[in-house]
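**Student:** The hints should help you fit chain A onto chain E, whose structure is shown.
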Amino acid sequence: MIKETMTSRERVEAAIELEPYDRVPVAPLMDVMFASRHKGMTVAYGIAHWKEGFRAIVDVFDEVGGWDAMILPGYSLSLPPSVASGVTAVLTQGAMIFPGQDTAVSEDSQPQYGETERLTVEDYDEIIELGWRGFVEKNRERFAPFAPEKMIAWTKRQTEQYTKEGETWAERGIPSLCGSIVESPLMFLSTKRSLTAFTMDLHRIPDKVEAAMDAMVDEFIEHAVEGARLTRIPGVMLILERGGGFYYPLKIFERFEFPYMKKMTEAFAAEGLLTVMHFDQDWTLNLPYLLDLPKKMCVVELDSTTDIFKAKEILKNHMCIAGDVPASLSSIGTPEDMEAYCRKLIDIVGKDTGFILSSGCTVPADAKFENFKMMIDTAKNYVPAH
Amino acid sequence: MADLADALANLDEDEVRRLVREKIDAGAEPMSIVHECRKGMDIVGERYKNKDYFLSELIISGEMFKEAMAVIEPMLKAGQQSDPISKMVLATVKGDIHNIGKDIVATLLTAAGFEVYDLGIDVAPGVIVEKLSETGAPILGMSGLLTPSFESMKETVKAVEAAGLRDKVKVIVGGGIMTEMVGKYVGADAFTNDASEGVDMCRRFAREGK
Numbered sequence: 073m074i075k076e077t078m079t080s081r082e083r084v085e086a087a088i089e090l091e092p093y094d095r096v097p098v099a100p101l102m103d104v105m106f107a108s109r110h111k112g113m114t115v116a117y118g119i120a121h122w123k124e125g126f127r128a129i130v131d132v133f134d135e136v137g138g139w140d141a142m143i144l145p146g147y148s149l150s151l152p153p154s155v156a157s158g159v160t161a162v163l164t165q166g167a168m169i170f171p172g173q174d175t176a177v178s179e180d181s182q183p184q185y186g187e188t189e190r191l192t193v194e195d196y197d198e199i200i201e202l203g204w205r206g207f208v209e210k211n212r213e214r215f216a217p218f219a220p221e222k223m224i225a226w227t228k229r230q231t232e233q234y235t236k237e238g239e240t241w242a243e244r245g246i247p248s249l250c251g252s253i254v255e256s257p258l259m260f261l262s263t264k265r266s267l268t269a270f271t272m273d274l275h276r277i278p279d280k281v282e283a284a285m286d287a288m289v290d291e292f293i294e295h296a297v298e299g300a301r302l303t304r305i306p307g308v309m310l311i312l313e314r315g316g317g318f319y320y321p322l323k324i325f326e327r328f329e330f331p332y333m334k335k336m337t338e339a340f341a342a343e344g345l346l347t348v349m350h351f352d353q354d355w356t357l358n359l360p361y362l363l364d365l366p367k368k369m370c371v372v373e374l375d376s377t378t379d380i381f382k383a384k385e386i387l388k389n390h391m392c393i394a395g396d397v398p399a400s401l402s403s404i405g406t407p408e409d410m411e412a413y414c415r416k417l418i419d420i421v422g423k424d425t426g427f428i429l430s431s432g433c434t435v436p437a438d439a440k441f442e443n444f445k446m447m448i449d450t451a452k453n454y455v456p457a458h
Numbered sequence: 446m447a448d449l450a451d452a453l454a455n456l457d458e459d460e461v462r463r464l465v466r467e468k469i470d471a472g473a474e475p476m477s478i479v480h481e482c483r484k485g486m487d488i489v490g491e492r493y494k495n496k497d498y499f500l501s502e503l504i505i506s507g508e509m510f511k512e513a514m515a516v517i518e519p520m521l522k523a524g525q526q527s528d529p530i531s532k533m534v535l536a537t538v539k540g541d542i543h544n545i546g547k548d549i550v551a552t553l554l555t556a557a558g559f560e561v562y563d564l565g566i567d568v569a570p571g572v573i574v575e576k577l578s579e580t581g582a583p584i585l586g587m588s589g590l591l592t593p594s595f596e597s598m599k600e601t602v603k604a605v606e607a608a609g610l611r612d613k614v615k616v617i618v619g620g621g622i623m624t625e626m627v628g629k630y631v632g633a634d635a636f637t638n639d640a641s642e643g644v645d646m647c648r649r650f651a652r653e654g655k
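Protein chains in written order, with the numbering used here: chain E, 73 to 458; chain A, 446 to 655.
It is possible that part of the hints are untrue.
Which residues of chain A face chain E? A few of them, derived with a C-beta cut under 8 Å, are [as the list claims (entries may be wrong)]: (1) Phe499; (2) Leu500; (3) Ser501; (4) Ile505; (5) Tyr562; (6) Glu600; (7) Gly621; (8) Ile622; (9) Met626.
No lab work stands behind these hints, which were simulated from the structure alone.
Just so it is clear, the structure is predicted and the values come from calculations on it, not from any experiment.
Cβ atoms here follow ideal geometry from the backbone N, Cα and C, with glycine treated the same way.
Pulled out of the complex, with its shape left as it was, chain E reads as follows (with noise of 0.2 Å):
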């Protein structure tokens, strides 16, 4: 046991800062699906039981003796109280297909996304002439046919748990480090149109996939720093997996992808708001433009694919890494194969300072609970060479 000299909150504060931490915190990306399935509910369940399906990841964690912080406080949304930002809520939760809610996905699945082309080639000219907000309120009944006050309410009530959720930590001293969740609008568009039809417009139309993406980001922003200062947790996880180097070059990144994670990041530092790059999939080819965005005030979040090791090396005076214990690992490897995995983290990302030990992605659903208690141990008692 490594004799431990500053609370969760400092030690988290320290490797977002770079400044030297007595040990590596730990802090997975947590939401219902392992926590309900470990209780004894079905995911379905869990998701449909905010109360219950909260108090089973509280209960994981006193299970294990506590971990240092939560990346998002749970798994509810944390939305402005308008019908432009319930809209675009729907639009992407609905290409998630929930367990319970869909015959395709069974009761105790983890949520699986059901990529259709919910936006058409021509919603480009309206979103470029009327921007999203007027977009998504024209067509509210096409993506979201429910009463504009329905709606509100629905957003008024995610936001009211998450800030709940966000309390429940922060009085047992666990920070949470994001208020409110966005994606960059070529992760959003590519998920909308779908990743084929997204790349053929990219390839035939990109004059004017830039100009939506121009008349998004705006209101992206807004959207997000608002959501963070009505649940006032002072983060936002910016959801990033389509523009990296696993999927396009980048001639395509440079023009749309970087320019708004860029002003998004930026925007957001400017309020005060760090942001959690939430990296899916391998980026290893776009990190070295993480230099020019704004230091200290990002958390670059990979899930194994991207390599954490040259992250560390080109990151380490710039921005935190958190990271990124496999999928894979998690579910059907030994709690012997998760220390050691877990070891060589700390010893060489976990140097100095900068580094936070994560799940790659969220814990996933069937997780063994011995792999899962295996990393929060590690991070607790291992003493790296160092």
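**Tutor:** Same frame as chain E, now just chain A:
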């Protein structure tokens, strides 16, 4: 003027459409047009390996190939389609409904000359075994994006064994979170999280099986 293979490799959609139409109008043998398109796809694959191209170019060229085939295929004589370099069965396994990676690989395999039996998503082991038996396909590709897909893949490999087909069928698993550990766990012969590499592995299996 670029030839058809070059136009496809350079992702020039208009030129590919024009050249396909021109060749058809000039009475070219339809199968020769298919071969030119495949040559273009091979060049795309080479550029991908050299890191000049990315997944996006595989997607774009795949869409162009499909569009060209939609024009050419009705003109192929009966039997010409059925001269594949190998048959293979492809599926996203039970419990997983992700189709994007599988669909990209299906297009690339078809372009490479495979006869692909794409069973879709959320496919039970029994359905996969039945299709392997029915077609005699010597290669099985299984896709999954979520950790629970590992169990489904493992069950499917066991079902293939139970049906007495395992020594006749090479199994490859693919998906964003595939690792060597997963490949071993499910009992696959190969694993990949790279569509183009997956096609090369299947080519190798096809050659070994001849």
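**Student:** For which of the previously enumerated hints does the structure constitute a violation, in increasing order of number?
**Tutor:** 5 and 6
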